[in-house]
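Dock chain B against chain A, hints included.
Chains as they are written, first to last, in this note's numbering: chain A, 65 to 204; chain B, 4 to 498.
There may be inaccurate statements among the hints.
Computed, partial: chain A to chain B, Cβ under 7 Å [claimed, not checked]:
| no. | residue |
| --- | --- |
| 1 | Gly137 |
| 2 | Leu141 |
| 3 | Gly145 |
| 4 | Lys155 |
| 5 | Phe157 |
| 6 | Leu158 |
Straight-line Cα separation of at most 27 Å, BS3-like style, residue types lysine-lysine; simulated pairs [said to hold, decoys possible]:
| no. | chain 1 | residue 1 | chain 2 | residue 2 |
| --- | --- | --- | --- | --- |
| 7 | B | Lys56 | A | Lys155 |
| 8 | A | Lys122 | B | Lys157 |
| 9 | B | Lys106 | B | Lys452 |
| 10 | A | Lys122 | B | Lys56 |
| 11 | B | Lys157 | B | Lys28 |
Distance windows between CB atoms, simulated [unchecked claim]:
| no. | chain 1 | residue 1 | chain 2 | residue 2 | range |
| --- | --- | --- | --- | --- | --- |
| 12 | B | Ile31 | A | Glu202 | 26 to 34 Å |
| 13 | B | Lys497 | A | Ile121 | 49 to 57 Å |
| 14 | A | Asn97 | B | Pro449 | 54 to 62 Å |
| 15 | A | Ser203 | B | Lys56 | 47 to 55 Å |
| 16 | B | Leu203 | A | Leu180 | 36 to 44 Å |
| 17 | B | Lys165 | A | Glu202 | 22 to 30 Å |
| 18 | A | Asn129 | B | Lys430 | 58 to 66 Å |
| 19 | A | Phe152 | B | Ala46 | 14 to 22 Å |
| 20 | B | Ile31 | A | Leu170 | 41 to 49 Å |
| 21 | A | Glu202 | B | Lys199 | 34 to 42 Å |
Source of the hints: derived by calculation from the structure; they are not laboratory data.
No experiment lies behind these values; they were computed from the predicted model shown.
Where is the CB? At the ideal position from N, CA and C, for every residue including glycine.
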Amino acid sequence: MKTNDVLLRNVTKVVAFIIFLFSLHLFFAGHYNPGGGFVAGLTSAGAITLTLLAYDIKTVQSMLNINTIFITGVGLLFAVGTGLLGVFLGKPFLTHVFGYVNLPILGKTSLHTATLFDLGVYLVVVGVTLTIIQSIGESD
Amino acid sequence: MMNNLVLFPILVPFLGAILLMLLPKKIILQRTAALIAGLALIAVSLFLVFHVKQNGITTVNIGNWDAPFGITIVGDMLSSLLVFTTSIVLVCVIIYSFYTIGKPREKFLYYPAVLLMIVGVNGSFLTGDIFNLFVFFEVMLMASYVLLVIGGTKIQLKATIKYLLINVIGSGFFVVAIGVLYSMIGTLNMADISQKINALHGTNTGMLSVAAVLFLFVFGLKAGLFPLYFWLPGSYFAPPIPVLALFGGLLTKVGVYAIIRTFSLFFTKETTFMMPLLGILALITIIFGIIGAISYYDLKTIVIYNILIAIGVILFSVSILSRESVTGAVYYLIHDMIIKAALFLIIGVVMAITGSSSVKKFSGLMTVKPTLGWAFFIAIMGISGIPPLSGFFGKLLIVEGAFSAHEMIGGILVLLSSLFVLMSLIKVFTRGFWGEKSGHLTLTIPYRKMMLPVIILLTLSVLYGVFSNAVYPFIADAVEPIIDPNVYIDAVMKE
Numbered sequence: 065m066k067t068n069d070v071l072l073r074n075v076t077k078v079v080a081f082i083i084f085l086f087s088l089h090l091f092f093a094g095h096y097n098p099g100g101g102f103v104a105g106l107t108s109a110g111a112i113t114l115t116l117l118a119y120d121i122k123t124v125q126s127m128l129n130i131n132t133i134f135i136t137g138v139g140l141l142f143a144v145g146t147g148l149l150g151v152f153l154g155k156p157f158l159t160h161v162f163g164y165v166n167l168p169i170l171g172k173t174s175l176h177t178a179t180l181f182d183l184g185v186y187l188v189v190v191g192v193t194l195t196i197i198q199s200i201g202e203s204d
Numbered sequence: 004m005m006n007n008l009v010l011f012p013i014l015v016p017f018l019g020a021i022l023l024m025l026l027p028k029k030i031i032l033q034r035t036a037a038l039i040a041g042l043a044l045i046a047v048s049l050f051l052v053f054h055v056k057q058n059g060i061t062t063v064n065i066g067n068w069d070a071p072f073g074i075t076i077v078g079d080m081l082s083s084l085l086v087f088t089t090s091i092v093l094v095c096v097i098i099y100s101f102y103t104i105g106k107p108r109e110k111f112l113y114y115p116a117v118l119l120m121i122v123g124v125n126g127s128f129l130t131g132d133i134f135n136l137f138v139f140f141e142v143m144l145m146a147s148y149v150l151l152v153i154g155g156t157k158i159q160l161k162a163t164i165k166y167l168l169i170n171v172i173g174s175g176f177f178v179v180a181i182g183v184l185y186s187m188i189g190t191l192n193m194a195d196i197s198q199k200i201n202a203l204h205g206t207n208t209g210m211l212s213v214a215a216v217l218f219l220f221v222f223g224l225k226a227g228l229f230p231l232y233f234w235l236p237g238s239y240f241a242p243p244i245p246v247l248a249l250f251g252g253l254l255t256k257v258g259v260y261a262i263i264r265t266f267s268l269f270f271t272k273e274t275t276f277m278m279p280l281l282g283i284l285a286l287i288t289i290i291f292g293i294i295g296a297i298s299y300y301d302l303k304t305i306v307i308y309n310i311l312i313a314i315g316v317i318l319f320s321v322s323i324l325s326r327e328s329v330t331g332a333v334y335y336l337i338h339d340m341i342i343k344a345a346l347f348l349i350i351g352v353v354m355a356i357t358g359s360s361s362v363k364k365f366s367g368l369m370t371v372k373p374t375l376g377w378a379f380f381i382a383i384m385g386i387s388g389i390p391p392l393s394g395f396f397g398k399l400l401i402v403e404g405a406f407s408a409h410e411m412i413g414g415i416l417v418l419l420s421s422l423f424v425l426m427s428l429i430k431v432f433t434r435g436f437w438g439e440k441s442g443h444l445t446l447t448i449p450y451r452k453m454m455l456p457v458i459i460l461l462t463l464s465v466l467y468g469v470f471s472n473a474v475y476p477f478i479a480d481a482v483e484p485i486i487d488p489n490v491y492i493d494a495v496m497k498e
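Just chain A, with the same shape it has in the complex:
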């Protein structure tokens, strides 16, 4: 008999969105508060895993349509790229640059290239976690 999990699916639609927002918060909080790329990546992957539980793998793949290994590679490129930024500026590898920039809406904001490195970490964590979950889920 096919069970009707309408409750689970509807709750997931709301909750997965909140989890994702929370992971974004964790990501940007990392420099001054607990958080950072690793936890943020794990919570994002958690949100996607929740949708995986509520729906099935094919639905989620058609919703997201991403190649997880590709994401991992792009994340690594971000991490190495921010490192190479230091090399191009004539400083040692992984020397970061930071400064205060006046952005249109947000006003005076401190920006740091370490965030880009963190973005790399984030993408790698999401990519690796989803690769693990998908490949275990798909194998019979």
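What follows is chain B alone, placed relative to chain A:
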């Protein structure tokens, strides 16, 4: 800044691996990109060797944080030479993989795994921070797990479980060892640790001995030292030949390098029993290696036990720690990396022709492929140390060093080990290559293409032996920081 040059042997294969990860299914692209990354690595590391030769030890503080606080990458002559040798072995193995590894494996991220393993190996050689060494060990090990299991045959799965288990335990102890050292000394930078240990002056050295034994346990496990080598013959028997050549040529040598680096920096002055202990274990390793090498009729297993003998010889000469013996050890280390890779690749060709690695199953290979026969013969002569070839000079210095340090038993054992190495392999040569043609010989393999990397490695090995005088200034530079740690410390701390 020129100093970033030191990092390029790590960055080049890393970038290569990332780019290859993005397009896993395009085999032609994978092959060319992997080869280009390998050749770029050779160029960069050769440049590094000459840069270090001219300007002394080159360091770079990652992220522009000064020495004891940030991670320092240190390129001294020993690590530069090892990185250069690694890159040569890498390129030969990549070329060899084109024709032997098979499309399914190539489509399943084989080349990225190889390049990531080289990231780990090169990083372990170049780092100047003990925890960073741990991280690079893990990078190397993770990639080696993948390489060991990729393809998923039954024997590979069995071997991977053993290998994985033993290395996870080893890594656990590595963290514990670093924890013990950190709780005593309070720093992770190797040069800084060395300085602070020297400042202890005899107080509190009991715990230092504990840390030393823990480090010996960990690195001995990776290198295959006597009571800890039990995983090695089984695990190395499983993977396909190009992977085996990488493992046999590089992985155990990283353990040896880590022993040389940490023991020369940390544990020589304050602990009196470490070096004799290392020497005794190394000698027992030689004996067990000999027993294994002469008792098997399987070509792969014989060479795997020969790895143990070489590890024993190198670590024994390191334990004497005189200028002569360490020079011999460095000579022998580089020779052994090249010749072991060459030998494994030759075995691969033999196995491709005969379909078996047991010498009882075939004979008369010489009548079919004379080049292969003579290549194998030269490799045997090189590995056992016949004078014009590469194994000779290192062993000569090792034996001289042993005798002048009054380690008679050790010196004689090293000499005897050469004899047994020769015996174990010449047995293969006489049984498998001479005699009447028999056994199942298939000749439909890409023989010439498979022989190319073998010939390259053997030529280099012969040249290394013939021109050992030209190499000597480089080796002498490499030995300097091992004998006198202050050279290393001054280069890193720059005060």
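Exercise for the section: Would you check the hint for A/Lys122 and B/Lys157, treating anything up to 27 Å between C-alpha atoms as holding? Expected result: 31 Å, violated
Exercise for the section: Evaluate the given range 49 to 57 Å for the C-beta pair formed by B/Lys497 and A/Ile121. Expected result: Roughly 55 Å apart at Cβ, these two residues keep to the hinted range, so it holds.
Handout entry: A/Ser203 versus B/Lys56 beta-carbon gap, inside 47 to 55 Å or not
Key = 52 Å, holds
Problem - Pairwise hint evaluation, B/Lys28 against B/Lys157, where the allowed Cα distance is 27 Å at most - result: 25 Å, holds
Exercise for the section: Determine whether the Cβ-Cβ distance between A/Asn129 and B/Lys430 falls within the hinted range of 58 to 66 Å. Expected result: 60 Å, holds
Practice task
Note whether the CB distance of B/Ile31 and A/Glu202 lies within 26 to 34 Å or breaks it.
Solution key: 28 Å, holds
Problem - Cβ distance range 41 to 49 Å for B/Ile31 and A/Leu170, holds or violated - result: Taking Cβ atoms as reference, B/Ile31 and A/Leu170 lie about 47 Å apart, which means the hint holds.
Exercise for the section: Could you say whether the range 54 to 62 Å given as a hint is met by the Cβ separation of A/Asn97 and B/Pro449? Expected result: 59 Å, holds
Problem - Proposed proximity, B/Lys452 with B/Lys106 (alpha carbon, max 27 Å) - result: Since the Cα atoms of B/Lys106 and B/Lys452 sit roughly 17 Å apart, the hinted pair holds (cutoff 27 Å).
Exercise for the section: For the hint on A/Phe157, just tell me whether its beta-carbon gets within less than 7 Å of chain B. Expected result: Since chain B brings a Cβ to about 5 Å from A/Phe157, closer than 7 Å, the hint holds.
Problem - Distance restraint evaluation - B/Lys165, A/Glu202, Cβ atoms, bounds 22 to 30 Å - result: At roughly 28 Å between Cβ atoms, A/Glu202 and B/Lys165 fall inside 22 to 30 Å, so the hint holds.
Practice task
Evaluate the given range 14 to 22 Å for the C-beta pair formed by A/Phe152 and B/Ala46.
Solution key: 20 Å, holds
Figure legend: structure checked against the earlier numbered hints; hints not met, in rising order: 3, 8, 10, 21.
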